[in-house]
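Whenever a hint applies, use it, and build me the whole structure from the sequences.
Read top to bottom, the protein sequences are chains A and B. Residues 43 to 202 (the numbering used here) make up the first sequence, in order. Residues 598 to 670 (the numbering used here) make up the second sequence, in order.
Take the hints with a grain of salt, since some may be wrong.
No farther apart than 35 Å at their CA atoms in a straight line, the calculated lysine-lysine pairs in the DSBU-like style are these [as the list claims (entries may be wrong)]:
hint	chain 1	residue 1	chain 2	residue 2
1	B	K636	A	K145
2	A	K181	B	K636
3	A	K145	A	K131
4	A	K131	A	K181
5	A	K181	A	K124
6	B	K665	B	K636
7	B	K665	B	K622
8	A	K131	B	K622
9	B	K636	B	K622
10	A	K124	B	K622
11	A	K124	A	K145
To give an idea of the chain A side of the interface with chain B (calculated C-beta under 10 Å), a few residues [as the list claims (entries may be wrong)]:
hint	residue
12	A55
13	E58
14	W70
15	V176
Quick caveat, the hints were computed from the structure, so don't treat them as lab data. Heads up, the beta-carbon is just placed ideally off N, CA and C, and yes, glycines get one too.
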Amino acid sequence: MRSRAAAAMLADAGLEHVFTMQGGIRAWEGLVASGPPESGMAYFGDAVSARDLARLAWLLEDGSRLFYVRLDDFLHDEDARKLFQDLTKAEISHELTLGGLYKSYSGGRAVEDSLPQERDDIMEGGISVSDALVWAREKDVASILEFAIALETNAYDLYI
Amino acid sequence: MGVLDYFRPVRSMTTEEAREFMRGKDPGDYNLVDVRQPKEYERGHLAGSVLIPVGELGRRIGEIDASKPTITY
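Below, the structure is given as structure tokens:
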């Protein structure tokens, strides 16, 4: 009902095409993102230029890739391993896109050459890769998959 | 806004219609507004939605681009 009230207010304020979604999020079947509105955005504080943002995004993708690669060290389920190998490939393709962007913003410099020696141990969601791996070792495949789904859905949420 | 405004006829979409509506568009072409409380939003929200709790909508209405179609939930 809050959604109806909100839609009524917006229509009242002169918005022409306003709809309320019946049943709200409970009726939505499919993935939802979680976390506060600013989650994962804190890191953007000191990265201001487009070039720095591209480098930060590349680092996060690379962290996620590392996470998926290392999962292979201790997972035994073949289907799960195959899936995480596919996700690794997806992260590599994201890195290529971002690496290209970085290059165009930095006058042809490769993003790999711009990284500090002591790289931040960070992946998408602002999580530490080593923390995530320690966590994953204790968990079953289903929990790790749920974590990966949440990670990717949240990334999608933030990108759009 | 008075009590009667809550009973104004408002067009609604089913979740399926909303999904179909958004599928055909770029996320920048519409406003998807989550009007629940921050805690609810944190537990789960539709990807790409902005959080404007209904109680804050009056003063934050300017954050919504009036030229685009809007879906609230």
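Consistency of the hints with the structure:
Straight-line distance between C-alpha atoms of B/K636 and A/K145 comes to about 40 Å, which puts the hinted pair past the 35 Å bound. Taken as a hint, the A/K181 and B/K636 pair is honoured in the structure, with Cα atoms around 26 Å apart against an allowance of 35 Å. Under the criterion of a C-alpha separation no larger than 35 Å, the hint pairing A/K145 with A/K131 is consistent with the structure, at around 21 Å. The hinted pair formed by A/K131 and A/K181 meets the criterion: a straight-line CA distance of about 23 Å does not exceed 35 Å.
A distance of roughly 18 Å separates the Cα atoms of A/K181 and A/K124; the hinted pair therefore holds under the 35 Å criterion. For the given pair, B/K665 sits about 27 Å from B/K636 by alpha-carbon distance, which is consistent with the 35 Å threshold. Of the pairs offered as hints, the one joining B/K665 and B/K622 holds, with about 12 Å between alpha carbons and a cut-off of 35 Å not exceeded. A C-alpha spacing of about 27 Å is found between A/K131 and B/K622, which places the hinted pair at or below 35 Å, so the restraint holds.
The suggested pairing of B/K636 with B/K622 holds, with an alpha-carbon distance near 29 Å, which does not exceed 35 Å. Proposed proximity of A/K124 and B/K622 is supported: the alpha carbons are some 32 Å apart, at most 35 Å. The hinted pair formed by A/K124 and A/K145 meets the criterion: a straight-line CA distance of about 32 Å does not exceed 35 Å. Below 10 Å, beta-carbon pairs count as interface contacts, and A/A55 has one with chain B at about 5 Å; its hint therefore holds.
A least Cβ separation of about 8 Å between A/E58 and chain B falls short of the 10 Å threshold, and the interface hint therefore holds. A hinted interface residue such as A/W70 counts as satisfied when its beta carbon comes closer than 10 Å to some beta carbon of chain B; here the least separation is about 5 Å, so the hint holds. Interface hint status for A/V176: violated, as the beta-carbon distance to the closest one in chain B is roughly 24 Å, over 10 Å.
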